[in-house]
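Mapped onto the numbering used here, the consecutive letters of the sequence shown carry residue numbers 1 to 633.
Hint data in this document are derived by calculation from the structure and do not stem from the laboratory.
Careful, some of the hints might be misleading.
[As the list claims (entries may be wrong)] Here are the simulated DSSO-like cross-link-like pairs (lysine-lysine), alpha carbons at most 27 Å apart as the crow flies:
(1) Lys123 - Lys219
(2) Lys242 - Lys142
(3) Lys167 - Lys242
(4) Lys441 - Lys108
(5) Lys167 - Lys337
(6) Lys629 - Lys592
(7) Lys242 - Lys458
(8) Lys458 - Lys441
(9) Lys594 - Lys624
(10) Lys73 - Lys167
(11) Lys298 - Lys25
(12) Lys167 - Lys217
(13) Lys108 - Lys235
(14) Lys624 - Lys592
(15) Lys167 - Lys25
(16) Lys4 - Lys123
(17) Lys303 - Lys242
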Amino acid sequence: MSDKFDYRELGLKCGLEIHQQLDSKCKLFCNCPTQIRNIEESNHEFFRYLRPTASEMGETDRAALEQSKLRRKYIYKAYDTTCLVENDDEPPTEVNREALGIALSITKLLNMVPVDQVHMMRKIVVDGSNTSGFQRTAFLAKDGHLDTSVGPVGVGVLCLEEEACQKIEDQGDSIIYSLDRLGIPLVEIGTDPDIISPQHAKETAQQIGMLLRSTGKVKRGLGTIRQDVNISIAKGARVELKGVQALDMIETIVEREVERQVNLIAMRDELLERNASVCDTIFDVTELFKETQSKVIKKTIKKGKVYAVLLRGFDGYVGREVQPGRRLGTEFSDRAKTSGVGGIFHTDELPAYGVSEEEVQAMRAEVGAEENDAVVMVADREERAWGAMESVIIRAKEALEGVPEETRRALPDGNNSYLRPLPGAARMYPETDVPQVNISKEYFESVEMPELLTERAKRFESEFGLHRELAEKIAYSTYLPLFEEIMGILGDNENVNATLVVRTLTGTLPELKRDGVEIDNLEDKHFIDVCTFIADGGVAKEAIDALLRALACEPELCAKDAAEKLGLGSIDLSDVESMVEAIINERQDFVKEKGMAAVGPLMGVVMAEVRGKVDGKTISEILKQKINKYINV
1 MSDKFDYREL
11 GLKCGLEIHQ
21 QLDSKCKLFC
31 NCPTQIRNIE
41 ESNHEFFRYL
51 RPTASEMGET
61 DRAALEQSKL
71 RRKYIYKAYD
81 TTCLVENDDE
91 PPTEVNREAL
101 GIALSITKLL
111 NMVPVDQVHM
121 MRKIVVDGSN
131 TSGFQRTAFL
141 AKDGHLDTSV
151 GPVGVGVLCL
161 EEEACQKIED
171 QGDSIIYSLD
181 RLGIPLVEIG
191 TDPDIISPQH
201 AKETAQQIGM
211 LLRSTGKVKR
221 GLGTIRQDVN
231 ISIAKGARVE
241 LKGVQALDMI
251 ETIVEREVER
261 QVNLIAMRDE
271 LLERNASVCD
281 TIFDVTELFK
291 ETQSKVIKKT
301 IKKGKVYAVL
311 LRGFDGYVGR
321 EVQPGRRLGT
331 EFSDRAKTSG
341 VGGIFHTDEL
351 PAYGVSEEEV
361 QAMRAEVGAE
371 ENDAVVMVAD
381 REERAWGAME
391 SVIIRAKEAL
401 EGVPEETRRA
411 LPDGNNSYLR
421 PLPGAARMYP
431 ETDVPQVNIS
441 KEYFESVEMP
451 ELLTERAKRF
461 ESEFGLHREL
471 AEKIAYSTYL
481 PLFEEIMGIL
491 GDNENVNATL
501 VVRTLTGTLP
511 ELKRDGVEID
521 NLEDKHFIDV
531 CTFIADGGVA
541 KEAIDALLRA
551 LACEPELCAK
561 DAAEKLGLGS
571 IDLSDVESMV
581 EAIINERQDF
591 VKEKGMAAVG
601 PLMGVVMAEV
611 RGKVDGKTIS
621 EILKQKINKY
631 INV
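My request is simple: use the sequences and hints to build the entire structure.
Right, here's the structure in full:
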């Protein structure tokens, strides 16, 4: 992470929106399980066309209007674990009380004040991710805070809402969604704009993540938590970055958006010095490209048009970078794509893509471009191409104003791209199908406060004698509940201690996965069975790796059966002693030379022979005893 900006001087304001799925048994408004399915398991499908609706004030949200510019067909894959509520063919049930309880425990962890009465609202969403055209959400708590290394960060909003469908495939004119995720309860947590740097943003996200996982009631894994980041600088504008999946990318994402806003402001100032302006006319230049060698244009103009717009004073700026690898022209292209086109051409990059210098000059002449002017063009079906040029004109005018307010998509490399306008108040209106829920003082006080993971790690250190690093690793691991269950069963067993269990779950398993072992076949019962088998003396702890490999291949086996198939099992210690004596006799010169230092090298020889049948500690003691006896004869 670089320190290329003075964020305080730039007036950085940054806030987070965390969306976390809750691990309740049922969905928020029906009794369907919160189970993710494979698309191949879908047993039926249906489709919808969606359009924006006006709010109760008669206004239509601008973001929804733009999303509806493309008339797309939305196809939904349904399952035997989804119902008519997800289909939007049946009214929702009352709010899931388990999910509400989890959300209220989170409000306590965030020091928030709950509402007296929960009212559901409808949030208009017409991108197909909800079959109804809206998402149900409820404001649950406010006025919270969490402590960070550079001071408190306010937590202004916590909402309880339903998760959207999962997008499976974008086919252009149609999109396939899966209904299994729709309706899973989630909390949306919004911080105040108190974050002062990229590093602070990451720390804040980590803190919230720790609090959420401390409940033991949130889902884990890819896609179960998403971070949106709101960013602005003093001379810029508020931009919402959606879909930050990787926590490690937050710093880069914040820095890259600051860089984009700084560059856009500098461009604005330079363009205004040039007296730059945007021509509102959309020019039809199709005839100029009748004989073009550009494959893209040649294919398009058979049934479409080539349109162009004139940007006075923009020459050299359309191709200038605003983020690494992304230019002002990329921003124009993002806007154009909302009309369904594949992209645009502009004179800062032409001639290229099969467009000749002669065609570029002819187009410049046609639109009246002078030396410092730029021309942007598009080739597509007439309606799409016209809409694309209208969007470019709007975005070019915004370049003369600075940074536009908008919602943008976080990209994997830390950059971002245009998604839609920022939504307004018209996006929300009351949900009349779901009854309100009273949150009495007694009810809120009865909600239990979970033990924080930081405190749990400290407890593991003192209770189980774990090293601090191992205690923290298991406390933050997805295997935490399994670890606690195993330790609850085995307690202070001398053959299986907490250190062994932690290293197995957080060390051995990743190693097995790297070796190509199908560890997803291993269930909690397998680990409990293996640990219990070792605790009872069935095999030595050195057999864990082999047993887990065997059980991953044949998960129907128990630990005892797997050990028998592997030839593992108990061995008489007298046989081990005889084996050790034989090994020492075979290596007399080595033992005489090394003395007691021969214990380490010979450990590997003996362990290879017994293959996990005897504990390593026992082998070590026998070796020490026999070698000491040999060298002192």
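Each hint tested on the structure:
Of the pairs offered as hints, the one joining Lys123 and Lys219 holds, with about 23 Å between alpha carbons and a cut-off of 27 Å not exceeded. Of the pairs offered as hints, the one joining Lys242 and Lys142 holds, with about 22 Å between alpha carbons and a cut-off of 27 Å not exceeded. Taking the CA atoms of Lys167 and Lys242, the gap is near 15 Å; set against the 27 Å cutoff, the hint holds. Between Lys441 and Lys108 the alpha-carbon distance is near 13 Å, which keeps this suggested pair within the 27 Å criterion.
At roughly 19 Å between alpha-carbon atoms, Lys167 and Lys337 fall within 27 Å of each other, so this suggested pair holds. Our distance criterion of 27 Å between C-alpha atoms is met by Lys629 and Lys592, whose separation comes to about 12 Å. Restraint check for Lys242 and Lys458: not satisfied, since their Cα atoms lie roughly 35 Å apart, outside the 27 Å limit. At roughly 32 Å between alpha-carbon atoms, Lys458 and Lys441 are farther apart than 27 Å, so this suggested pair is violated.
Between Lys594 and Lys624, the direct Cα distance comes to roughly 13 Å. Compliance with the 27 Å bound is thereby established for this hinted pair. For the hint linking Lys73 to Lys167, the alpha-carbon distance of about 13 Å falls within 27 Å, and the restraint holds. For the proposed pair Lys298 and Lys25, the alpha carbon gap of about 56 Å is over 27 Å, so the pair is violated. For the hint linking Lys167 to Lys217, the alpha-carbon distance of about 25 Å falls within 27 Å, and the restraint holds.
Simply put, Lys108 and Lys235 have alpha-carbon atoms about 37 Å apart, too far for the 27 Å limit, and the pair is violated. Restraint check for Lys624 and Lys592: the C-alpha separation of about 14 Å stays at or below 27 Å, so the hint holds. For the hint linking Lys167 to Lys25, the alpha-carbon distance of about 23 Å falls within 27 Å, and the restraint holds. Simply put, Lys4 and Lys123 have alpha-carbon atoms about 39 Å apart, too far for the 27 Å limit, and the pair is violated.
With a C-alpha separation of about 36 Å, the suggested pairing of Lys303 with Lys242 is violated against the 27 Å cut-off.
In summary, the numbered hints that this structure violates are 7, 8, 11, 13, 16, 17.
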